[in-house]
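Asks: Here is how the chains run, residue by residue.
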Amino acid sequence: MNPLLDNAVMLQVQNGQVDAVSVLFERYKKVLYSFFVHMSHDRMLSEDLVQNVFVRVIRYSKQFKGEGSFRAWMFTIARNVLADHYRKGSRMKFEEANEQVEQIQSDDSPYESLIQDERKQLLHQAIGKLDHDKRELLILVKLQEMKYREVATMLDMNESTVKVKVFRAMKELQKILHTSNHSIK
Amino acid sequence: MTKENWKDLMEKYQRDQLNKEEQKKLDRLIAEGKLSLEDFEDLQKLDSELSHHILVDPPATLDRRFYQSLHKFSTKNTSTVTINRWIIGMAASVLLLIGVGVGTLFNAGSNAKVLQLSGEMKAMREMMMLSMLEQGSPSDRLKAVSLTGTMTEVSDRVSQALLYRVNHDRNDNVRIASIEALRPYSQNPKVREGLIEAIQHQQSPLVLLTLAETLKSIDQQQTLEGFQNQMNKDIPQEVLRELETGLKDVL
Chain A
310 MNPLLDNAVM LQVQNGQVDA VSVLFERYKK VLYSFFVHMS HDRMLSEDLV
360 QNVFVRVIRY SKQFKGEGSF RAWMFTIARN VLADHYRKGS RMKFEEANEQ
410 VEQIQSDDSP YESLIQDERK QLLHQAIGKL DHDKRELLIL VKLQEMKYRE
460 VATMLDMNES TVKVKVFRAM KELQKILHTS NHSIK
Chain G
1491 MTKENWKDLM EKYQRDQLNK EEQKKLDRLI AEGKLSLEDF EDLQKLDSEL
1541 SHHILVDPPA TLDRRFYQSL HKFSTKNTST VTINRWIIGM AASVLLLIGV
1591 GVGTLFNAGS NAKVLQLSGE MKAMREMMML SMLEQGSPSD RLKAVSLTGT
1641 MTEVSDRVSQ ALLYRVNHDR NDNVRIASIE ALRPYSQNPK VREGLIEAIQ
1691 HQQSPLVLLT LAETLKSIDQ QQTLEGFQNQ MNKDIPQEVL RELETGLKDV
1741 L
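Top to bottom, those sequences are chains A and G.
For the first sequence, the working numbering assigns the number 310 to the initial residue and increments by one for each residue that follows.
For the second sequence, the working numbering assigns the number 1491 to the initial residue and increments by one for each residue that follows.
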């Protein structure tokens, strides 16, 4: 996705053309939803959180200065939305969510469910077993292939630290998959 | 120093046999960008699996709820819109009933009926989408465009309706959303030609940039000059200036 287009659409939102936010919703709904599902293991909650992100995008649109990418700004909002949700003590805390590593069921049709991708299930379960910080880092890097630099800024780390941490998270993910005797071939 | 020099270190890492010093050395090489995931075959494989599988498909209710909220933020309700909303509501209910029917029959194992009902459901979804595309409010039309994302394939009727929106909708965001909705179908010659032809009907730099990006993604031969030649000759100078950098970045 061209970041120039995102910024131009945000300019429209800032000028009161609220409908323009739907262009951004269509572009990013899947990555945002995936982020929340992996972080919370709760599909219903993830839907609510995606809505909240876009409410904040509209509400705080004027704060977007266009200096960085819209995507990075949006994910900062997403992290805040998630943190606020848990801060309010609703439903469950991060740690409880980590423990509740359930199968992320597919919403596909019955036909598609029959040919559900087993690897995807295994991988999602393994991601769920990583601790919160590693999981968040890995998901942010892999979703939309965010650049290490962007993620580093967002998480207030330097780029080198992100590289090392991603490497370690990947190694741990690999170990989890091996331990479960479910290595991805 | 080449990667050959770190071969022992890499092999030890893969066997989980690094001591503290060696681990530090490896971390330093990774931090400096001298080693990356691509240098380890098994991690690279996992990385590629991860990129491929990390996305989770959102349910249709996500769209519905978003567009309902968006509608609250924007625009007035006219009586025509109310009537059309009633029709859409009815169509949605019928769709739901058919969906329940499909589920029941599927459980009962009646494949022929399932196929028939699935076909009817698809037709109904298309009808609902086409009807919504005619709505007065841009958020309704945007919602209609987003419905194509839930379709496994779109008929000629739907792709033509989207191309019409690309060329004639009075709202640029509907035009942009329609272009992006057509992107998965751009291998279809009619769609591709429609998108190329659409260049000449645009005045908005944003819409033109989206078109350029889409055409570039389907046709690597797309050039800046070729694209500019197809643009409407009456485009105001300030729009051209605004477009210049964006197009150079995209094409």
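Simulated from the structure, these hints should not be mistaken for lab results.
Note that the Cβ used here is the ideal one computed from N, Cα and C, for glycine as well.
Treat each hint with caution, since some may be false.
As the list claims (entries may be wrong) - Which bits of chain A does chain G cover? Going by a derived footprint, with three or more residues having C-beta under 8 Å, they are:
#1 341 to 352
#2 363 to 373
#3 380 to 389
#4 439 to 452
#5 460 to 466
#6 473 to 484
Asks: It remains to establish, for every hint, whether it holds in the given structure.
Replies: Comparing the hints with the structure gives:
| no. | hint | verdict |
| --- | --- | --- |
| 1 | 341 to 352 | holds (count 5) |
| 2 | 363 to 373 | holds (count 3) |
| 3 | 380 to 389 | violated (count 0) |
| 4 | 439 to 452 | holds (count 4) |
| 5 | 460 to 466 | violated (count 0) |
| 6 | 473 to 484 | holds (count 7) |
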